[in-house]
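Visitor: Sequence:
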Amino acid sequence: RELASSEEKLVEGSRVEVEDPPGKYFMRVAAANDAGEAVSAFSATAVVTIEAGFSMEKPKAITPGQGARAPSSDGRLSVKFSWSPVPTAEIYSIELAADPEFTQIIQKLRTPQSLFLLKQAPLKGRVFWRVRGEGAKGNSEWSAPSYFDVR
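Residue numbering for the sequence shown follows the numbering used here, starting at 3 and increasing by one per position.
Since the hints were derived computationally from the structure, they do not count as laboratory data. Take these hints with a grain of salt, some might be off.
[Said to hold, decoys possible] In the PhoX-like style, the derived pairs of lysine-lysine whose C-alpha atoms are separated by at most 20 Å in a straight line are:
(1) K26 x K60
(2) K121 x K139
(3) K11 x K26
(4) K126 x K110
(5) K126 x K82
(6) K82 x K110
(7) K82 x K26
(8) K62 x K82
(9) K60 x K139
(10) K62 x K110
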């Protein structure tokens, strides 16, 4: 890795976005007019540390499996949901919906474990479900949606 490099970049406003890898960088700034000509001296050099962004693994839906069929005799059904555990998740959110876009939410559930038993739920027809891990530093993406059919 180079010990020093120099790059001048003209930006509008006071916000600078960088795509550099995590590490320690040295930065100084100067004001410029609309033509890009310097109108001030450079500031003192500041040390800027870029940290790696947070990411949490996305869980994978396991049961009920895609397209599973669940019989319901009295209009109520108990369903066991399970998914791959996410090591950094503190809790999981599960959403059940009547559509694959999750605009018609049937129920929202939360649990600290990578499985959940929903007891005597009034479900019917095709039910879509997804899960995500949540923690103090942020949330994972939602799992790929899965669905089961209640008959």
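Visitor: All the hints need checking, so say for each whether the structure fits it.
Guide: Hints versus structure:
1. For the given pair, K26 sits about 30 Å from K60 by alpha-carbon distance, which is inconsistent with the 20 Å threshold.
2. With a C-alpha separation of about 31 Å, the suggested pair K121 and K139 falls outside the 20 Å cut-off, and the hint is violated.
3. A distance of roughly 18 Å separates the Cα atoms of K11 and K26; the hinted pair therefore holds under the 20 Å criterion.
4. Restraint check for K126 and K110: the C-alpha separation of about 16 Å stays at or below 20 Å, so the hint holds.
5. Between K126 and K82 the CA atoms are separated by roughly 16 Å; this keeps the pair inside 20 Å, and the hint holds.
6. In summary, the hint linking K82 to K110 is supported, as the alpha carbons are separated by about 15 Å, within the 20 Å threshold.
7. Between K82 and K26 the alpha-carbon distance is near 48 Å, which puts this suggested pair outside the 20 Å criterion.
8. Straight-line distance between C-alpha atoms of K62 and K82 comes to about 15 Å, which keeps the hinted pair within the 20 Å bound.
9. Proximity of K60 to K139 is assessed by CA-CA distance (about 14 Å); at most 20 Å being required, the pair is judged to hold.
10. A distance of roughly 18 Å separates the Cα atoms of K62 and K110; the hinted pair therefore holds under the 20 Å criterion.
The structure shown violates the earlier hints numbered 1, 2, 7.
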